[in-house]
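Numbering of the sequence shown is given in my numbering, commencing with residue 1 and proceeding in unit increments.
If you are wondering where the hints come from, they were derived from the structure by calculation, not from laboratory data.
Be a bit skeptical, because a hint or two may be false.
[Stated by the list, open to error] Restricting the straight-line Cα-Cα distance to at most 30 Å, the calculated cross-link-like pairs of lysine-lysine (DSS-like) are:
1. Lys70 to Lys149
2. Lys146 to Lys131
3. Lys60 to Lys92
4. Lys70 to Lys122
5. Lys123 to Lys146
6. Lys131 to Lys149
7. Lys122 to Lys149
8. Lys92 to Lys70
9. Lys60 to Lys122
10. Lys92 to Lys149
[Said to hold, decoys possible] Just the calculated beta-carbon pair ranges, DEER-fashion:
11. Lys92 to Glu134: 31 to 37 Å
12. Ser101 to Asp124: 28 to 34 Å
13. Ser31 to Ala99: 23 to 29 Å
14. Leu150 to Leu98: 38 to 44 Å
15. Lys70 to Ile127: 30 to 36 Å
16. Ser101 to Lys123: 17 to 23 Å
17. Glu57 to Tyr144: 30 to 36 Å
18. Asn118 to Lys149: 31 to 37 Å
19. Gly67 to Asn118: 36 to 42 Å
20. Leu150 to Lys92: 35 to 41 Å
21. His100 to Leu143: 19 to 25 Å
22. Glu134 to Ile64: 20 to 26 Å
23. Leu126 to Ile64: 27 to 33 Å
24. Ile63 to Thr141: 16 to 22 Å
Since this is a predicted model, take the numbers as computed values, not measurements.
Glycine included, each C-beta is placed from N, C-alpha and C at the ideal position.
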Amino acid sequence: MEAVSNTTVLVLLSRVRELRLLELFDILIPSEVYDEFFFQNQRYQQSQDLLKKMKFEVLKPKIIISGLDKGECAALSLAIARRKVFLSDDNKARNVGLAHSLEVIGTAGVLLLNVQQNRITKKDALIILDKLVENGYYLSTDLYVKIRKLIES
């Protein structure tokens, strides 16, 4: 399945060294997202080798969305133009994607898909979820509990 990724999912999974969870997808990354992830955030450059092992392609989309940051606009524009799954944790970007009838998946959704496809165990998913939260992944308490229950079910 092809998906267009915004920077947020890449950053969060990189922080906990779990970019492998994105191997479910053939990832399309706008050049703006690539630049944000690798050049503006030097601490994530160690992830470049891992990302290169995955199926991903860097593209330069025609920008048709505005009002968000450069990477989000580019990722949404690419996802809309190609009618691909949109990977993002940014609420505004997710809402724009939904308004354009895109399938929108965030980091928690990626984690759940990996469990559903038996790529990781439920136990590992819970550990990764906790690591994500410890490393800056913001979830309300209610959403955290809901995700844990979905993983455990």
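Hint by hint, here is what the structure shows:
Taken as a hint, the lysine 70 and lysine 149 pair is broken in the structure, with Cα atoms around 35 Å apart against an allowance of 30 Å. Straight-line distance between C-alpha atoms of lysine 146 and lysine 131 comes to about 17 Å, which keeps the hinted pair within the 30 Å bound. About 22 Å separates the Cα atoms of lysine 60 and lysine 92, which keeps this hinted pair within 30 Å; it holds. Straight-line distance between C-alpha atoms of lysine 70 and lysine 122 comes to about 36 Å, which puts the hinted pair past the 30 Å bound.
Proposed proximity of lysine 123 and lysine 146 is supported: the alpha carbons are some 16 Å apart, at most 30 Å. Our distance criterion of 30 Å between C-alpha atoms is met by lysine 131 and lysine 149, whose separation comes to about 17 Å. Straight-line distance between C-alpha atoms of lysine 122 and lysine 149 comes to about 10 Å, which keeps the hinted pair within the 30 Å bound. Between lysine 92 and lysine 70, the direct Cα distance comes to roughly 13 Å. Compliance with the 30 Å bound is thereby established for this hinted pair.
Of the pairs offered as hints, the one joining lysine 60 and lysine 122 is violated, with about 37 Å between alpha carbons and a cut-off of 30 Å exceeded. Only pairs whose Cα atoms come within 30 Å are accepted, and lysine 92 paired with lysine 149 is accepted, the gap being roughly 26 Å. Between lysine 92 and glutamate 134, the C-beta spacing of about 25 Å breaks the proposed range 31 to 37 Å. One distance hint, 28 to 34 Å for the beta-carbon pair serine 101 and aspartate 124, holds here, with the actual separation near 33 Å.
Taking the beta carbon of each, serine 31 and alanine 99 are about 24 Å apart, inside 23 to 29 Å as hinted. Between leucine 150 and leucine 98 the beta carbon distance is about 19 Å. The supplied range of 38 to 44 Å is therefore violated. Checked against the given bound of 30 to 36 Å, the beta carbons of lysine 70 and isoleucine 127, roughly 34 Å apart, stay inside it. Separation of serine 101 from lysine 123 is about 36 Å and departs from the stated range, judged on CB atoms against 17 to 23 Å.
Distance hint check: the CB atoms of glutamate 57 and tyrosine 144 are about 33 Å apart, consistent with the given range 30 to 36 Å. Taking the beta carbon of each, asparagine 118 and lysine 149 are about 19 Å apart, not inside 31 to 37 Å as hinted. Distance hint check for glycine 67 and asparagine 118: the Cβ-Cβ separation is about 39 Å, which falls inside the suggested range of 36 to 42 Å. Taking the beta carbon of each, leucine 150 and lysine 92 are about 24 Å apart, not inside 35 to 41 Å as hinted.
Checked against the given bound of 19 to 25 Å, the beta carbons of histidine 100 and leucine 143, roughly 23 Å apart, stay inside it. At about 37 Å, the beta-carbon gap between glutamate 134 and isoleucine 64 misses the expected band of 20 to 26 Å. At about 39 Å, the beta-carbon gap between leucine 126 and isoleucine 64 misses the expected band of 27 to 33 Å. For the pair isoleucine 63 and threonine 141, the beta carbons lie near 37 Å from each other, so the given range of 16 to 22 Å is not met.
Violated hints, listed in ascending order, are 1, 4, 9, 11, 14, 16, 18, 20, 22, 23 and 24; each of the other numbered hints is respected by the structure.
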